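> The primary structure of each chain is shown beneath.
There are 4 protein chains.
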Amino acid sequence: MLLSFRALADNYSVIFLDAYGVLKNFEGVIDGVLDVLAELKNAGKELFIVTNDASRSPKKMSLAYVHPELGELFPEDRIISSGLLARDFLRAKVRDRTVAYLGKRDSAYYIESAGLIPKPLSECAASDPIGALALLDDEGFDWQPDINRAINLLRQKTMPVVVANADKVYPVHGNAVAVAVGGLADLIESILDKRFVRFGKPDAYMFAYSFSRASALVPGLRRKDILMVGDTLDTDIRGGNKFGIDTALMLSGNTQRDNYQLAIDASGVIPDFICESIAT
Amino acid sequence: MLLSFRALADNYSVIFLDAYGVLKNFEGVIDGVLDVLAELKNAGKELFIVTNDASRSPKKMSLAYVHPELGELFPEDRIISSGLLARDFLRAKVRDRTVAYLGKRDSAYYIESAGLIPKPLSECAASDPIGALALLDDEGFDWQPDINRAINLLRQKTMPVVVANADKVYPVHGNAVAVAVGGLADLIESILDKRFVRFGKPDAYMFAYSFSRASALVPGLRRKDILMVGDTLDTDIRGGNKFGIDTALMLSGNTQRDNYQLAIDASGVIPDFICESIAT
Amino acid sequence: MLLSFRALADNYSVIFLDAYGVLKNFEGVIDGVLDVLAELKNAGKELFIVTNDASRSPKKMSLAYVHPELGELFPEDRIISSGLLARDFLRAKVRDRTVAYLGKRDSAYYIESAGLIPKPLSECAASDPIGALALLDDEGFDWQPDINRAINLLRQKTMPVVVANADKVYPVHGNAVAVAVGGLADLIESILDKRFVRFGKPDAYMFAYSFSRASALVPGLRRKDILMVGDTLDTDIRGGNKFGIDTALMLSGNTQRDNYQLAIDASGVIPDFICESIAT
Amino acid sequence: MLLSFRALADNYSVIFLDAYGVLKNFEGVIDGVLDVLAELKNAGKELFIVTNDASRSPKKMSLAYVHPELGELFPEDRIISSGLLARDFLRAKVRDRTVAYLGKRDSAYYIESAGLIPKPLSECAASDPIGALALLDDEGFDWQPDINRAINLLRQKTMPVVVANADKVYPVHGNAVAVAVGGLADLIESILDKRFVRFGKPDAYMFAYSFSRASALVPGLRRKDILMVGDTLDTDIRGGNKFGIDTALMLSGNTQRDNYQLAIDASGVIPDFICESIAT
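These protein sequence lines are chains A, B, C and D, in that order.
Per my numbering, residue 1 is the first one in the first sequence, and the count goes up by one each step.
Per my numbering, residue 1 is the first one in the second sequence, and the count goes up by one each step.
Per my numbering, residue 1 is the first one in the third sequence, and the count goes up by one each step.
Per my numbering, residue 1 is the first one in the fourth sequence, and the count goes up by one each step.
Treat the hints with care, since some could be wrong.
Note that identical chains are pooled: a pair holds if it fits in a single copy or bridges any two copies.
Stated by the list, open to error - Below, computed lysine-lysine pairings styled on DSBU-like, alpha-carbon distance capped at 30 angstroms:
(1) Lys168 <-> Lys157
(2) Lys41 <-> Lys157
(3) Lys168 <-> Lys194
(4) Lys194 <-> Lys59
(5) Lys157 <-> Lys59
(6) Lys41 <-> Lys168
(7) Lys168 <-> Lys119
(8) Lys60 <-> Lys168
(9) Lys194 <-> Lys157
(10) Lys157 <-> Lys24
(11) Lys45 <-> Lys119
(12) Lys60 <-> Lys194
(13) Lys194 <-> Lys45
(14) Lys60 <-> Lys157
(15) Lys119 <-> Lys157
(16) Lys194 <-> Lys41
(17) Lys119 <-> Lys41
Since the hints were made in silico from the structure, they are not lab data.
Note that the coordinates shown come from a computational prediction; the quantities given were computed from them, not determined experimentally.
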């Protein structure tokens, strides 16, 4: 009843791939994935990673997918992170040059590449002319003081707040999960009774952006040429469906083989195709 | 402190206009608006309506804006309704040809133009091969039986559900409001614990779609060429900001002259410009 | 693994019973229930119905449970409806004598018995000195005009709003459900961004009130003398647990025999005991 | 237009007082408060503190209110903390003796006094027979690892979770606030899609409990003998109203003198009386 991913992929010229749960898990790249990707590239497929990960730059992410023969499978311009949308927003909308942030140092890439100056929130003084607050990653800061700092900063001054990763939670190892920066954003929003500017799947805009990025490399691209491949109904499949591209659910991550139908019925999110994994 | 809309508009070649609260109110087109629009067209501005109204086709909407000399100010292809996104979704994702709907007969345009067969939910039999449910408008059906029908249909069968208007509420006359179909969708979602596919402002995808529609008529269009003009912080301004275009708040509708700063601080949504109205 | 209800009941002197799903279903009183209740009464047990139904007075509800030999099994003072808490609230807090309501004529009992004058919302004129709005039942009014009327009334005037039934949904026949007045209250609250005064299970206050009512008839009553019997984890069991009384889940209504453990794990609501039904 | 608190208090024999914003602020007991309390006691009033603070035992809280002549103004049995309801719940519902907790060491009082063994969540091993999780206070643990620990514990094992303080936020100094344990509970609930057992104002059950505690010391107490005095519409006044006792809003804390009417209209929560503070 499950389809073969390789056979399915033959029907599309462009493939959008979620990273975590499809290409990687907590132990690193999933066995066999690099070979499947190489095979697809050799068959002329155009491959892109579409990810809510904004913890580091696309250039650094690309280092995780190096094939012994083909080298980097995803050059920098093939990795589409929600952080890039946050960067574009900051570039368009922030007036003062300093942007306070929560996240690891590496995640500040998305502020710097907008031509702005990132400053960890904990180092911001009351007198700093802060133009925006960016919630980039769940690590790299001390939650208790810094979440309280963010709340009080936003109670004092109205400014744009951008969340570079819409996820509430992410898998860490075994069955364990950790709160993602989107979850922390929920907490802060709920206390302030505000809604921030949040980027990433399942937002159809993330797919519109990916489509326009892919169109630049693949002239004449149409939606029906694209397959979105993901392990999470609520982000990958929901968003791909809304954007009107075909979607394939992989059972190699968040959604389990023994209850995927239950999950589909419970969420009302229907993938066009279901496969065990890309490597089987 | 408020800007002149006419002077502001000079800086842009393309203007996206919200309809209700900017061009119209409960009495019809606002005094002076047709003349301002004619003036803008004569000055070479490209004008588009960007609206969450999916109660009738763009062709029918265009009849509301006829200038004595220039004729139709917004031809069909200049009116961008959230209903068009719903239509595209239905076309891409629905397999069975019959689509049950809630809304006025006119709103079924968005199903028909997707090449599908609209059927009022109240006329659907249990044996009908319904491919999707479309929530199009708050009128044209009897709420109590039909909302309960929608809930029970979706408890029995997993299918795509599309909401063609994201608004929870709309103004009717004086200060009064009425529940919009987006509000009814909230109720049904909350009871089923599901989230539907919802189109319209403030979704940045609505702006990405409008941008691509405008680009077809205005070759070489860049985001910085566009001004989004609206009366509602939470839809027009929030969404325009997220998409990275300049935004101008008009105080002629939802947001009042005496408390707009309060509303900005409370919501955290900051327009780039503020004007009294487009006709002053 | 499931317990016998009769054996379990022996350990308690007072039994709180949910009505729908435990004593009744859409066809009326469940087969065998009247005999079990009679047996419990003969064994000296004190029986009370604890219900979110505010559609009619306790006196009218008592007519549903007449035993051929024992007569009325639940005299009026043994039926504890969330409507009684709404009545007490109205009596304590409403200054103007007229209370607008949504619901069937019978449900207005809870306004009248507070010494106030009920008036269907659709009959209220703008000039009426309305002291409060009561949401009593989902039937007896036309949803579209009257929900919009309620919203506009509350936008114009700040007044107490009481919801006499906390349920969002109730079963009607087969597997079908209908939106309860608590669901309509959610819709109105969400549009107004307000929270109303809502009475009923799972609110622990509903159990505190039932305890105090039962104490008046059973002197010296302690919490550990009481068993709460219900079919719904989220109302009967959650609320009984919070109040600190023992709880027994019956699989004769909302919670199914083949997935009750899943439902317990998903909700985190743990009944002390599980039985098939009170009549088996 | 504002009433004198002293004159108002004359009409009641029992006074329920919120602590923070009424009796204390971030600098300690508010000037003049001890004298007013002494005066009320000398006039025969029965005074109780009704608080969501579960950070330490009532005995420790009582040390904050020592009058030079009268000594302790609130003996231990006059301080009613939401922690006491959490304690009663744990005593009634927890089977295994070890209860994991988040909070300061002092807050574990509410577990110990239930006859159970408190263990900081960070010290719990996977093999520990944990009977429940108690969220007691926002301090005394490291948020990032421990919030993630709580989430993963509850994903693995279904157990009662109690939140001893319903507040999302509390004032710290100047205008600043800090996230309270109720806010952290919201975050964890949202990620797990569960609702915990939460105690404290505005829950009417907190007032029912306070009423029953006060009745033990003041025989024959009726609701109309009691005045609830608080600075927060959403907890003190909303809950007091729902329980049906008279409520008085003080403008000495959360609700400001220049916008209290706006806050009342926005929330729909109407206090029976409004005073500047208890000490003026």
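> It remains to establish, for every hint, whether it holds in the given structure.
Do the hints match the structure? See the list:
no. : hint              : verdict
1   : Lys168 <-> Lys157 : both (26 angstroms within a copy, 21 angstroms between copies)
2   : Lys41 <-> Lys157  : neither (50 angstroms within a copy, 39 angstroms between copies)
3   : Lys168 <-> Lys194 : both (17 angstroms within a copy, 15 angstroms between copies)
4   : Lys194 <-> Lys59  : neither (33 angstroms within a copy, 37 angstroms between copies)
5   : Lys157 <-> Lys59  : neither (34 angstroms within a copy, 40 angstroms between copies)
6   : Lys41 <-> Lys168  : neither (33 angstroms within a copy, 46 angstroms between copies)
7   : Lys168 <-> Lys119 : both (24 angstroms within a copy, 28 angstroms between copies)
8   : Lys60 <-> Lys168  : within (23 angstroms within a copy, 38 angstroms between copies)
9   : Lys194 <-> Lys157 : both (13 angstroms within a copy, 25 angstroms between copies)
10  : Lys157 <-> Lys24  : between (40 angstroms within a copy, 27 angstroms between copies)
11  : Lys45 <-> Lys119  : neither (40 angstroms within a copy, 41 angstroms between copies)
12  : Lys60 <-> Lys194  : neither (33 angstroms within a copy, 37 angstroms between copies)
13  : Lys194 <-> Lys45  : neither (43 angstroms within a copy, 35 angstroms between copies)
14  : Lys60 <-> Lys157  : neither (34 angstroms within a copy, 38 angstroms between copies)
15  : Lys119 <-> Lys157 : within (17 angstroms within a copy, 40 angstroms between copies)
16  : Lys194 <-> Lys41  : neither (44 angstroms within a copy, 38 angstroms between copies)
17  : Lys119 <-> Lys41  : neither (40 angstroms within a copy, 45 angstroms between copies)
Of the numbered hints listed earlier, those contradicted by the structure are 2, 4, 5, 6, 11, 12, 13, 14, 16 and 17.
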